[in-house]
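A.B. asks: Given next are the chains, with one letter for each unit.
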Amino acid sequence: MHCVSALHGEPRNRRGGTLQRRRLFGGRRDVSRLYDRWFHFTAFVLKGPYYISANCTISDGIISEDGAVLFKSATPINDFLLTAYQHFQFNYPKFYKMDNLSKLGWLTADLLLQNTFNKDGYKSEDVGIVIANANSSLDDDLKYYDTVADVASPSLFVYTLPNIVMGEISIRHRFKGEQAFFVQEAFNADFLYRQVSYLLDNDLVQACICGWVDVLRQDYRSVLFLVEKTKKGNAVLFSAESMDTIFNGGFE
Amino acid sequence: MDKTGTAMVKDVFVMADNVYSPIGKTTAENFINLKNNISGVKRHSQNEMSSQPFFAALFDDDQQIISNGSYTKFECLLVASIDEALKQTDINIRDDKTILVISTTKGNISLLETEKYSEALKKRMSLTTSAQLIADHFRFKQKPIVVSNACISGVLGIITAMRLLRSGTYENAIIAGADVISKFILSGFQSFQALSPGVCRPFDRSHNGLNLGEGAGTIILSTNKKYAGRLKIKGGSLSNDANHISGPSRTGAELALAISRSIADAGVHTEEIGFISAHGTGTVYNDEMEANAVHIAGAGKLPLNSLKGYYGHTLGAAGLIETIISMESLRQDLFIGTPGFEVAPESHRINASADHRSIKADNFLKTASGFGGCNAAAVIGK
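If you read the protein sequences in the order shown, they are chains H and Z.
Just so you know, this note's numbering puts 411 at position 63 of the first sequence, and the rest follows in order with no gaps.
Just so you know, this note's numbering puts 187 at position 93 of the second sequence, and the rest follows in order with no gaps.
The following block holds chain H by itself, in its conformation from the complex (with noise of 0.2 Å):
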């Protein structure tokens, strides 16, 4: 028990695990089976590993889930978005009120966790999000702001948030537990993967939508994560290093 002590709460490495965890193994590939193994023999006292059991990216007019191609429309991004819910039938009429920060990770979310997710496996207040992005709401800032000379919209004015679009989602997927918003300039999965951990690893959530959700005009980037603590079909192990294989186009 003392060793799970030490153990406890140590900052982790990319890989999934703990430093110490890490150092046993010396780190080397070659032993990432036993080092596995080791980790679902030890999951009852130690915390994780967790399990990107699914992910979605939206980006350059392509959506794809886990690496497969759903839909593709090279049009300007208020086409592409509204094509893109026409293709996959969605019925939400909320949507198009939305801003298009909201309108990405809406849809990006609702991909994510149409097959993968079972929704009733969890209370809603133990599903958490975290997202991060580069430009906060500036691209319906903008356009709020060009209605303020004339007659200011409250609709554009709500969406000034960049955390509008995780309550949109939540919303749509009652989702009533942990959430945070950040912004940075680029992509850092080390930061969301210790954000993400420390809510899985204090049962804070039991499973967690986390990534990016970006939009500035004609610029668009969406990945979304479902994390969860069990493994199932193709999950990957949760880790910056499989979430930044992701972001950057996924494993070959």
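Hints in this document: simulated from the structure, not taken from any laboratory.
Any given hint could be a false lead.
Derived EDC-like pairs: lysine to aspartate or glutamate, alpha-carbon spacing no greater than 20 Å straight-line [claimed, not checked]: (1) Z/K235 / H/D494; (2) Z/K216 / H/E533; (3) Z/K136 / Z/E123; (4) H/K577 / H/D474; (5) Z/K104 / H/D567; (6) Z/K191 / H/D567; (7) H/K579 / H/E533; (8) Z/K237 / Z/D189; (9) Z/K216 / H/D494; (10) H/K577 / H/E589; (11) Z/K454 / Z/E436; (12) Z/K104 / Z/D190; (13) Z/K235 / H/D538; (14) Z/K237 / H/D538; (15) H/K491 / Z/E209; (16) H/K420 / H/E533; (17) Z/K181 / Z/E123; (18) H/K491 / Z/D154; (19) Z/K167 / Z/D154; (20) Z/K476 / Z/E366; (21) H/K491 / Z/E207; (22) Z/K210 / H/D538; (23) Z/K217 / H/D567; (24) Z/K210 / H/D494; (25) Z/K136 / Z/D154; (26) Z/K181 / Z/E265; (27) Z/K104 / Z/E265; (28) Z/K217 / H/E533; (29) Z/K104 / H/D474; (30) Z/K237 / H/D592; (31) Z/K237 / H/E533; (32) Z/K216 / H/D567; (33) Z/K119 / Z/D189; (34) Z/K476 / Z/E207; (35) Z/K326 / Z/E365; (36) Z/K319 / Z/D105.
This structure is a prediction, so every number in the text was calculated from the model and none was measured.
Starting from the known structure of chain H, fit chain Z onto it as the hints suggest.
C.D. replies: The following block gives chain Z in isolation, referenced to the frame of chain H:
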């Protein structure tokens, strides 16, 4: 690990703090003015921000924040607040163990009002640009973290820092929050018809809207045991209403969940909490939701205040400013009242008063809620 087999959670101590507002440039100066019922909320007319008069707590143009031409007003506020707080400590902020957390809702948005949008302006307006400028000013080594989560940003900043310190990622954290009121923000709240025509009256039956305010707040935290004996950030929790993006929960159950979880995280009993520093914006929907939430969480009998009548709603700074004033209440045994409060609506079961009260408390609960359905709660105490 203690004898019960649960992992020991590191204590997170409060080393220093600062409130930088229209009514004071230090926590002490602010607290003296609150004791004397001095409010920063005033009527503003013939202002370039609005064709109609409005009530808000704003810095006067002649209030010199700091003189540095390369920083915006938003950044000047943060620098001034952090600088004053750092003077109270002996920590080395230039090491790997110290992290800066900036919380804000709109940062430099006012630049959009005076300059034409361009790539250069986009870069200058970015929250990460401001955060890095401030980090460079003080020569922080670590890249700063920016929290932007509507009106809970300040409390979320504190909770984020508490967790990073508990997990041993860093030893010290400086959390600083600020927002500046300009035409962009004012026009938005006006378009929502959320502003009170006079000074706001949180939790009173005649409440009819909020006042905006500007200011900054800074809290410096450490897990270093040499600060044992200081106040501690004991616990915190976040939740979402999953109900509406611009209106609060109908029941308050989700804020109640954050309250209960933060109390559990702190390892205290509700009876050990002396008072609640509520969000209390003064809008009918917000106040009603909060009154319901504290009742559901079993904390309805605790004395509760809102400081919005003194500071207005300072957005990303609100959670920090209100937490710092409440910490001063613990230190000075004086609970600050809620200006403008007389009688609660019949449906509200809350324990508020306009007057300050002498109080002996070990802990308080801070709550905040905001657009997007977000809620935050934290427990701070001795």
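A.B. asks: Against each hint, give a clear statement of whether it holds in the structure.
C.D. replies: Comparing the hints with the structure gives:
1. With a CA separation close to 39 Å, the supplied pair Z/K235 and H/D494 exceeds the 20 Å bound.
2. Restraint check for Z/K216 and H/E533: satisfied, since their Cα atoms lie roughly 12 Å apart, inside the 20 Å limit.
3. Simply put, Z/K136 and Z/E123 have alpha-carbon atoms about 19 Å apart, close enough for the 20 Å limit, and the pair holds.
4. With a C-alpha separation of about 12 Å, the suggested pairing of H/K577 with H/D474 holds against the 20 Å cut-off.
5. Between Z/K104 and H/D567 the alpha-carbon distance is near 43 Å, which puts this suggested pair outside the 20 Å criterion.
6. With a CA separation close to 36 Å, the supplied pair Z/K191 and H/D567 exceeds the 20 Å bound.
7. Of the pairs offered as hints, the one joining H/K579 and H/E533 is violated, with about 32 Å between alpha carbons and a cut-off of 20 Å exceeded.
8. Restraint check: the Cα-Cα separation between Z/K237 and Z/D189 comes to about 11 Å, which is no more than 20 Å; the hinted pair holds.
9. With a C-alpha separation of about 16 Å, the suggested pair Z/K216 and H/D494 falls inside the 20 Å cut-off, and the hint holds.
10. Of the pairs offered as hints, the one joining H/K577 and H/E589 holds, with about 18 Å between alpha carbons and a cut-off of 20 Å not exceeded.
11. Between Z/K454 and Z/E436 the alpha-carbon distance is near 24 Å, which puts this suggested pair outside the 20 Å criterion.
12. Among the hinted pairs, Z/K104 with Z/D190 is consistent with the structure: their alpha-carbon atoms are about 19 Å apart, no more than 20 Å.
13. Proposed proximity of Z/K235 and H/D538 is supported: the alpha carbons are some 17 Å apart, at most 20 Å.
14. Our distance criterion of 20 Å between C-alpha atoms is met by Z/K237 and H/D538, whose separation comes to about 13 Å.
15. Restraint check: the Cα-Cα separation between H/K491 and Z/E209 comes to about 15 Å, which is no more than 20 Å; the hinted pair holds.
16. This hinted pair does not check out: H/K420 and H/E533 have alpha carbons roughly 27 Å apart, beyond 20 Å.
17. Pair hint Z/K181 plus Z/E123 holds up; C-alpha atoms about 16 Å apart against a cutoff of 20 Å.
18. For the suggested pair H/K491 and Z/D154, the alpha carbons sit about 30 Å apart, so the restraint of at most 20 Å is broken.
19. This hinted pair checks out: Z/K167 and Z/D154 have alpha carbons roughly 12 Å apart, not beyond 20 Å.
20. Restraint check: the Cα-Cα separation between Z/K476 and Z/E366 comes to about 11 Å, which is no more than 20 Å; the hinted pair holds.
21. The straight-line distance between the Cα atoms of H/K491 and Z/E207 is roughly 13 Å, inside the 20 Å bound, and the hint therefore holds.
22. Among the hinted pairs, Z/K210 with H/D538 is inconsistent with the structure: their alpha-carbon atoms are about 36 Å apart, more than 20 Å.
23. Straight-line distance between C-alpha atoms of Z/K217 and H/D567 comes to about 15 Å, which keeps the hinted pair within the 20 Å bound.
24. Restraint check for Z/K210 and H/D494: satisfied, since their Cα atoms lie roughly 12 Å apart, inside the 20 Å limit.
25. In summary, the hint linking Z/K136 to Z/D154 is supported, as the alpha carbons are separated by about 11 Å, within the 20 Å threshold.
26. Pair hint Z/K181 plus Z/E265 holds up; C-alpha atoms about 18 Å apart against a cutoff of 20 Å.
27. Under the criterion of a C-alpha separation no larger than 20 Å, the hint pairing Z/K104 with Z/E265 is consistent with the structure, at around 10 Å.
28. Under the criterion of a C-alpha separation no larger than 20 Å, the hint pairing Z/K217 with H/E533 is consistent with the structure, at around 10 Å.
29. Pair hint Z/K104 plus H/D474 does not hold up; C-alpha atoms about 24 Å apart against a cutoff of 20 Å.
30. At most 20 Å may separate the alpha-carbon atoms for a hinted pair to count; Z/K237 and H/D592 meet this at roughly 19 Å.
31. This hinted pair checks out: Z/K237 and H/E533 have alpha carbons roughly 10 Å apart, not beyond 20 Å.
32. With a C-alpha separation of about 14 Å, the suggested pair Z/K216 and H/D567 falls inside the 20 Å cut-off, and the hint holds.
33. Between Z/K119 and Z/D189 the alpha-carbon distance is near 28 Å, which puts this suggested pair outside the 20 Å criterion.
34. For the hint pairing Z/K476 with Z/E207, the CA-to-CA distance comes to about 45 Å; that exceeds 20 Å, so the pair is violated.
35. About 18 Å separates the Cα atoms of Z/K326 and Z/E365, which keeps this hinted pair within 20 Å; it holds.
36. The suggested pairing of Z/K319 with Z/D105 holds, with an alpha-carbon distance near 8 Å, which does not exceed 20 Å.
Comparing the model with each numbered hint stated earlier shows that hints 1, 5, 6, 7, 11, 16, 18, 22, 29, 33, 34 do not hold.
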